[in-house]
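Chains A and B supply the protein sequences, listed in that same order. Numbering follows this note's numbering, in which position 246 of the first sequence is assigned residue number 246; successive positions increment by one, without gaps. Numbering follows this note's numbering, in which position 42 of the second sequence is assigned residue number 42; successive positions increment by one, without gaps.
None of these hints come from the bench; they were simulated from the model. Cβ coordinates follow ideal geometry from the N, Cα and C atoms, glycine included. Keep in mind that a hint or two might mislead.
Claimed, not checked - Some, not all, of what chain B presents toward chain A, calculated at C-beta under 7 Å:
hint : residue
1    : Ile59
2    : Lys188
3    : Ser208
4    : Gln216
5    : Lys236
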Amino acid sequence: MSQFLQVVLSGLSTGSIYALAAVGFALVWQAAQTVNFAQGEFVMLPAFFALVAIHWFGWPLWAGFAFAMLASLAILGLAFKGLVVQPMMPDGGLPLVIATMAVSILLKESVKTFYGAEAQPFPSPLPDGTLQIGGAVISIRDLFDLLASLAVVGGLTLFLDRTRTGRQMQAAAQSPAVAEILGVDVARMTLYAFLVNAALAAFASFLVSPTYLAKFSNGESLGLVAFIAAIVGGFNRIRGALVGGLLVGVLDNLVATYVTQEYRAALPLVLLIAVILWRPQGLLGDAEGRTV
Amino acid sequence: MSRRNFLTAAAFAVAAIGLGGAARAADVVKLPCVCELSGAGAVSGTNYRDGAHIAVDEINAAGGILGKKIEMTDYDTQTDPMTSRALIQKVIDDGAYVIIGTVYSGSTAVNMLVAQKAGVPQFTGAEAPDITAKGNPYIFRTSSGAEKGVPALTAYFKDTVKAKKIAISWVNNDFGKGGHDVFLSEMKKAGIQVVADVPSEQGQVDFSADVSKIKQAGADAVFVYLNEEESARILKEAVKQGLKIPMVGEVTLTGQKVIDLAGGAAEGALAHVGLATSAPVPSIQAFAANFKKIYKRDTDHNGIKGYIAVWATKYVTEMIGKFDRKAFADKMHGLTLDVAKYPHMLLTTSWDKTGELSRESFMTEVKGGKQVITGTVPAN
């Protein structure tokens with residue numbers, strides 16, 4: 001029983017980081033009706049911003065994190081929206097999807113060129129201690145990852161549902177034309193969505209890198225799993241992305257522990273096929289109709 | 001200038017450039033470095049390459065090999081076997097005398113067939129047992145294969161840890177599978193029960209399920225046979241889950257890169273290593289210090305492997321007195337390079353008729369963030 005609890009808690013912790021990246025997929029989908037295939041690299045990159053500040057500029061840890069957050073907002077939010085998304089939106093979704101793939105390669109190769117191909121240790125502000133919960137040993141870091149991710153996604157949901165700006169962002173996402181008629185600054189709301197996505201990616205990067213290490217290729221698997229988590233949960237629902245991320249994290253751990261270690265990488269794909277067959281809109285998503 | 005004179009002058013210029021190039025080509029001997037400079041093997045390949053370049057600089061400064069300067073060009077396999085195969089073909093077409101690399105077993109198993117067919121000697125850092133078991137007369141190791149390294153740990157598990165039950169965490173590639181199979185056979189002979197056999201993927205980042213399985217199995221110790229980055233991740237995860245049993249590895253677990261990546265989580269990790277920069281051997285320590293001075297970082301054993309590959313090329317070529325690939329390979333079989341006479345080998349090193357290597361090795365432990373030698377294992 002203690003092992004089961006241990007596996008579930010570890011899975012929830014990992015899944016909460018998938019969830020942060022998956023929420024980013026949902027936000028970009030709602031804001032630009034496109035899939036950002038550079039989302040994994042968006043999570044990989046902020047760790048290197050922080051490492052540059054810490055090792056090259058000699059800044060302390062928290063200043064490094066602050067620098068990484070600001071750099072992420074500027075490059076992954078502002079510049080991504082202004083230089084990639086905005087110019088390509090009139091051409092439709094597919095060219096934009098291809099452009100995000102190009103961005104993914106650009107970010108990966110840039111990190112490899114400027115910082116190196118080797119994995120780098122990444123500092124954590126949290127202690128290495130553990131807690132005993134129901135016979136299971138859970139690390140303070142895992143617990144923090146889980147609680148912090150839940151708090152961030154919960155806070156984001158409240159912001160979107162309960163604040164004027166949040167509701168305007170939702171309106172701009174659901175029907176830009178109608179929102180504009182009603183006086184919503186759609187361009188600004190879209191920019192907010194990209195800035196929130198960049199902040200989430202940076203936060204996920206700070207949580208995941210101390211354990212996974214900072215490496216240029218980290219976004220490959222993380223991006224794929226988060227993408228699947230977003231589809232499983234429901235691409236058009238923030239809560240869906242959260243549920244999808246946690247579900248994938250826990251199931252991955254359970255399968256690896258109790259069923260097969262060799263085929264664990266196939267699990268998210270099996271889950272994806274199952275959801276597409278039985279509930280294409282995702283577990284918590286709404287069906288969307290499109291005129292072709 | 002008339003059109004005819006212009007064409008004549010141009011023809012002479014082209015011929016002069018061509019002859020100059022040919023003259024330069026005749027003055028150099030090509031030792032291409034085909035290594036894992038990106039991808040999962042970047043840590044190993046980069047150190048191997050940098051160690052090799054130190055040797056090249058030293059040899060060229062001392063006059064080269066038989067009067068020819070070494071020309072070393074780097075090629076990145078991206079840790080992809082098929083890319084490595086294509087690159088080995090390319091360097092052979094370009095006139096490689098001896099090939100330095102590759103380091104990963106999965107790549108070497110594929111690309112050494114190309115070098116063998118062309119009759120080009122190759123120094124590999126690979127450690128999978130089957131590399132030297134295929135009758136390839138042109139392949140030579142720069143560190144012992146797993147079939148020599150892993151058995152050195154059997155006595156440690158049996159007599160020091162007094163293990164009755166043991167777990168193994170291994171990477172599911174050619175390197176890992178080779179070590180895994182040797183380990184299972186050794187444990188069977190020693191009467192130690194393997195209670196958890198946990199494979200993982202190359203490049204795997206999440207080891208929570210792996211550690212959970214090992215913990216639940218009730219093992220007295222765990223044998224960790226992973227590459228550098230994965231070794232660091234499992235050490236971190238073991239601390240997170242409070243795994244208290246000894247974590248013992250072969251070669252990588254106590255390497256400098258693993259210590260750098262795992263930080264405090266590497267403390268107490270144990271490993272048998274064929275080469276160690278912390279070995280109490282003045283020539284090895286001098287090499288490690290020189291490496292750090294040049295590259296502003298510590299190397300692991302792969303830096304030494306690349307270094308001795310190039311120096312062995314010089315020593316053996318000068319023994320045969322000519323640049324003859326077949327004579328080189330023939331000379332290597334059954335050769336011992338005594339460190340007293342060939343100091344840049346760092347340790348007395350022997351190759352048998354399969355290209356397998358033998359030399360003194362070490363037991364190590366991570367103490368205070370450093371790899372510390374705790375014992376010496378004689379050459380086997």
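> With 7 Å as the cut and Cβ atoms as the points, is Ser208 (chain B) at the interface with chain A?
Replying inline: holds, 4 Å
>> For the restraint on Gln216 (chain B), tell me whether the closest CB of chain A is nearer than 7 Å.
In response: Nearest chain A Cβ about 5 Å off; hint holds.
> Is the hint on Lys188 (chain B) kept, meaning its closest Cβ partner in chain A is under 7 Å away?
Replying inline: Where the cut-off is 7 Å and the nearest Cβ of chain A is about 21 Å from Lys188 (chain B), the hint is violated.
>> Is the interface hint satisfied for Ile59 (chain B)? The criterion is a beta-carbon contact with chain A at less than 7 Å.
In response: Where the cut-off is 7 Å and the nearest Cβ of chain A is about 27 Å from Ile59 (chain B), the hint is violated.
> Taking the closest Cβ pair, is Lys236 (chain B) under 7 Å from chain A?
Replying inline: OK, holds: Lys236 (chain B) within 7 Å of chain A, min 6 Å.
Going down the numbered hints, you'll see the structure goes against 1 and 2, while the others check out.
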